[in-house]
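Here's the letter readout for the chains.
2 protein chains.
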Amino acid sequence: MSIPPPNFVEREFKEPLLCGPGPCNLGPSVREALTKPVFSPLCEQFFSALDDIRAGIKYVFQTKSNLVLAISGSGHSGMETVITNLVGPKETLLIATRGIWDERAYDIAKRLGIKTIVYRVPYNTTFTLEELERQVELYRPTAMFITHGDSSTGTVQNLEGLGDICHKYGTLLLVDTVVSLGGVPFFMDAWGVDAVYTSTQKALSGPAGISPVAFSARAEQKIKNRKHETSFYFDINLLAQQWNCYGNTRSYHHTMSPPLVWALRECLRQLSIETLEKSWERHAKTSRYFYERLQRLPIEFLVPNPEHRLTTVATLVLPNGYNYNDVVKYLREKHNIIIFPGLGPTAGKSLRIGIMGVNSTVAVADALADALADALQTLVKSSL
Amino acid sequence: MSIPPPNFVEREFKEPLLCGPGPCNLGPSVREALTKPVFSPLCEQFFSALDDIRAGIKYVFQTKSNLVLAISGSGHSGMETVITNLVGPKETLLIATRGIWDERAYDIAKRLGIKTIVYRVPYNTTFTLEELERQVELYRPTAMFITHGDSSTGTVQNLEGLGDICHKYGTLLLVDTVVSLGGVPFFMDAWGVDAVYTSTQKALSGPAGISPVAFSARAEQKIKNRKHETSFYFDINLLAQQWNCYGNTRSYHHTMSPPLVWALRECLRQLSIETLEKSWERHAKTSRYFYERLQRLPIEFLVPNPEHRLTTVATLVLPNGYNYNDVVKYLREKHNIIIFPGLGPTAGKSLRIGIMGVNSTVAVADALADALADALQTLVKSSL
Numbered sequence: 165m166s167i168p169p170p171n172f173v174e175r176e177f178k179e180p181l182l183c184g185p186g187p188c189n190l191g192p193s194v195r196e197a198l199t200k201p202v203f204s205p206l207c208e209q210f211f212s213a214l215d216d217i218r219a220g221i222k223y224v225f226q227t228k229s230n231l232v233l234a235i236s237g238s239g240h241s242g243m244e245t246v247i248t249n250l251v252g253p254k255e256t257l258l259i260a261t262r263g264i265w266d267e268r269a270y271d272i273a274k275r276l277g278i279k280t281i282v283y284r285v286p287y288n289t290t291f292t293l294e295e296l297e298r299q300v301e302l303y304r305p306t307a308m309f310i311t312h313g314d315s316s317t318g319t320v321q322n323l324e325g326l327g328d329i330c331h332k333y334g335t336l337l338l339v340d341t342v343v344s345l346g347g348v349p350f351f352m353d354a355w356g357v358d359a360v361y362t363s364t365q366k367a368l369s370g371p372a373g374i375s376p377v378a379f380s381a382r383a384e385q386k387i388k389n390r391k392h393e394t395s396f397y398f399d400i401n402l403l404a405q406q407w408n409c410y411g412n413t414r415s416y417h418h419t420m421s422p423p424l425v426w427a428l429r430e431c432l433r434q435l436s437i438e439t440l441e442k443s444w445e446r447h448a449k450t451s452r453y454f455y456e457r458l459q460r461l462p463i464e465f466l467v468p469n470p471e472h473r474l475t476t477v478a479t480l481v482l483p484n485g486y487n488y489n490d491v492v493k494y495l496r497e498k499h500n501i502i503i504f505p506g507l508g509p510t511a512g513k514s515l516r517i518g519i520m521g522v523n524s525t526v527a528v529a530d531a532l533a534d535a536l537a538d539a540l541q542t543l544v545k546s547s548l
Numbered sequence: 165m166s167i168p169p170p171n172f173v174e175r176e177f178k179e180p181l182l183c184g185p186g187p188c189n190l191g192p193s194v195r196e197a198l199t200k201p202v203f204s205p206l207c208e209q210f211f212s213a214l215d216d217i218r219a220g221i222k223y224v225f226q227t228k229s230n231l232v233l234a235i236s237g238s239g240h241s242g243m244e245t246v247i248t249n250l251v252g253p254k255e256t257l258l259i260a261t262r263g264i265w266d267e268r269a270y271d272i273a274k275r276l277g278i279k280t281i282v283y284r285v286p287y288n289t290t291f292t293l294e295e296l297e298r299q300v301e302l303y304r305p306t307a308m309f310i311t312h313g314d315s316s317t318g319t320v321q322n323l324e325g326l327g328d329i330c331h332k333y334g335t336l337l338l339v340d341t342v343v344s345l346g347g348v349p350f351f352m353d354a355w356g357v358d359a360v361y362t363s364t365q366k367a368l369s370g371p372a373g374i375s376p377v378a379f380s381a382r383a384e385q386k387i388k389n390r391k392h393e394t395s396f397y398f399d400i401n402l403l404a405q406q407w408n409c410y411g412n413t414r415s416y417h418h419t420m421s422p423p424l425v426w427a428l429r430e431c432l433r434q435l436s437i438e439t440l441e442k443s444w445e446r447h448a449k450t451s452r453y454f455y456e457r458l459q460r461l462p463i464e465f466l467v468p469n470p471e472h473r474l475t476t477v478a479t480l481v482l483p484n485g486y487n488y489n490d491v492v493k494y495l496r497e498k499h500n501i502i503i504f505p506g507l508g509p510t511a512g513k514s515l516r517i518g519i520m521g522v523n524s525t526v527a528v529a530d531a532l533a534d535a536l537a538d539a540l541q542t543l544v545k546s547s548l
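Heads up: the protein sequence lines correspond to chains A and B, in order. Using my numbering, the letters of the first sequence map in sequence onto residues 165 to 548. Using my numbering, the letters of the second sequence map in sequence onto residues 165 to 548.
Because the hints were derived from the structure by calculation, they are not lab data. Remember, predicted model here, so these are calculated numbers, not experimental data. Be aware that one or more of the hints could be misleading.
The list treats identical chains as one, so a pair stands whether inside a single copy or across any two.
Unchecked claim - Listed next, the in silico DSBU-like pairs over lysine-lysine satisfying Cα-Cα at most 30 Å (straight line): (1) K279 with K449; (2) K200 with K498; (3) K228 with K442; (4) K178 with K332; (5) K442 with K498; (6) K228 with K178; (7) K388 with K178; (8) K200 with K493.
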């Protein structure tokens with residue numbers, strides 16, 4: 165053999181407390197679910213698991229739509245699916261931009277030959293519905309893309325009423341809820357959202373790699389009647405048949421990942437047992453408690469308006485003289501806690517701290533606040 | 165809440181012996197690996213796991229190429245990645261067609277605006293290199309797509325020398341090894357293959373959802389200099405940076421799935437420990453033993469030429485009077501063994517039986533042969 169077998173070195177690895185903007189640690193029952201029996205792609209147990217997942221997705225997105233399923237890929241595959249299925253080449257996508265994920269939407273759309281319009285607000289704020297309406301009225305785009313929570317800036321966008329505004333001008337509303345779903349109220353139908361995707365590794369405490377998506381009746385019409393081709397892998401018309409969205413097909417499209425199907429089902433089951441209201445309340449309460457603890461430290465919020473702050477990810481500003489990367493490194497090495505520095509517009513300007521999913525507890529908030537206090541004291545001392 | 169939480173019913177489910185053309189059962193250590201610690205996407209442990217996977221992929225594909233990584237998606241995502249990165253709209257793809265997967269390649273290519281040429285042989289045979297050369301010489305396509313093993317027909321294609329033939333006419337050679345890799349000899353570099361993909365849920369005994377790909381230096385040049393855009397999710401130029409293929413980048417592209425990264429690493433580790441030679445030998449030996457057991461039953465091979473038969477998936481013809489679906493159902497209900505009926509060109513014409521990965525043992529071959537004998541006896545009796 166010209167290429168010999170490699171040697172795999174086993175290294176000790178204790179899972180850290182994952183308090184970056186994602187991924188979160190796994191829920192214990194979700195970790196267990198990963199090892200459940202492998203099913204054959206055409207058996208009843210598999211179909212039941214898919215049905216359970218679809219019921220769970222309808223609940224967590226708060227939608228009666230039947231066109232709900234999960235994409236076999238990361239959150240970015242959800243983003244690409246939503247865009248490519250609803251906006252064709254030479255059609256127009258308005259991208260409401262305040263962070264890094266909107267830049268990704270821009271990149272994805274450009275590659276698809278879509279005309280893009282970028283409307284930007286300062287990264288530490290959010291959009292008013294009035295300014296969004298002016299843009300939609302002006303360009304009358306095929307669709308508007310906006311993130312609900314933005315993990316690069318720590319902001320949450322008010323979406324209530326935005327669907328009606330978009331529909332007045334014949335525009336579809338596409339929403340990213342990767343870092344908000346389960347942690348912050350979201351109502352797909354009531355808010356008139358036409359397409360939404362999320363990911364499992366944030367407030368759902370699941371493994372990345374499988375991404376729920378949902379489409380409104382308006383979006384479904386567009387998908388059924390569209391003239392443009394999509395990628396085979398991301399084609400919702402084919403995926404809807406595999407997921408039996410219309411109750412009459414179980415076609416094979418691609419081989420799904422049994423551990424991820426079981427894990428997503430378990431994430432949705434846990435959230436259904438806790439209920440959305442209680443999960444939102446828990447996230448809000450933990451976040452308030454964490455903010456209170458922060459008041460004893462010389463830390464400020466990057467986002468000035470409390471109403472714009474995202475419950476699941478806080479962006480925090482340190483006093484002059486601290487290096488953000490040093491603090492991140494200190495928490496990792498001394499406390500085995502992962503937090504992140506800024507990204508994109510917030511790089512070098514903030515810490516990004518996520519408390520979500522199974523980690524949204526007083527104990528975790530205390531551990532984080534204690535570790536931050538220790539870091540600020542130790543790192544100042546060492547630089548004296 | 166307008167959408168109430170659904171009720172998830174738990175059902176007993178004993179994992180069957182999975183002897184269809186895929187998925188295979190998980191290796192015990194692979195199942196364990198699924199629950200290993202979740203890593204943060206920018207930590208050393210994650211980078212080490214990716215490095216291990218790349219070393220393992222080089223070994224199992226037998227290539228010195230540096231452009232090797234895994235796509236976060238099913239085998240079909242590997243197929244789409246290979247095609248879209250190497251063949252642009254209006255360029256030509258010759259598809260050597262003998263089963264269902266070539267039809268998928270055709271569908272994927274058509275959607276991308278690629279000119280396709282379908283060259284077909286009867287489904288129960290394979291191509292001679294001479295006839296393939298005539299097609300390549302005639303059309304001088306940008307690339308040729310061919311499957312190594314075909315799980316819909318149970319055939320294995322001779323590829324030795326095919327790369328040289330393609331390169332003579334400026335054509336790239338793209339190969340699907342989803343159902344062959346690890347079970348049948350494959351030599352990417354020696355055979356002049358320019359792009360190859362596989363999947364984990366066949367002879368690697370892993371979970372679906374993460375798909376190794378590799379590109380030759382010739383393919384790499386094409387990718388670096390291509391004029392056409394690809395999907396963001398499948399763009400090898402970006403993925404190569406995330407996977408550190410050139411040793412100088414660890415860019416974030418998308419969030420990978422920790423359980424699948426650990427599982428793929430473990431699949432590759434197990435194959436490296438056993439060695440490819442021993443794994444190929446084991447698959448060949450089990451297959452010979454299973455065929456010997458079949459000789460005592462009134463069963464024939466769909467593929468007449470023994471040299472064309474795929475070691476990992478056998479396509480078997482039953483005597484007149486048997487219904488293929490009844491036999492499949494009997495094995496599932498009576499023996500908890502999954503086998504498949506025909507698919508595409510072999511639908512209604514054969515059983516498809518996969519003995520691969522951890523299931524490639526005398527014990528499994530015996531269980532299968534016993535179950536088949538029982539089915540043939542019982543089902544005949546009941547129809548007398």
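(Q) Under the constraints set out in the numbered hints, which ones does this structure not fulfil? (A) 1, 4, 5, 6, 7
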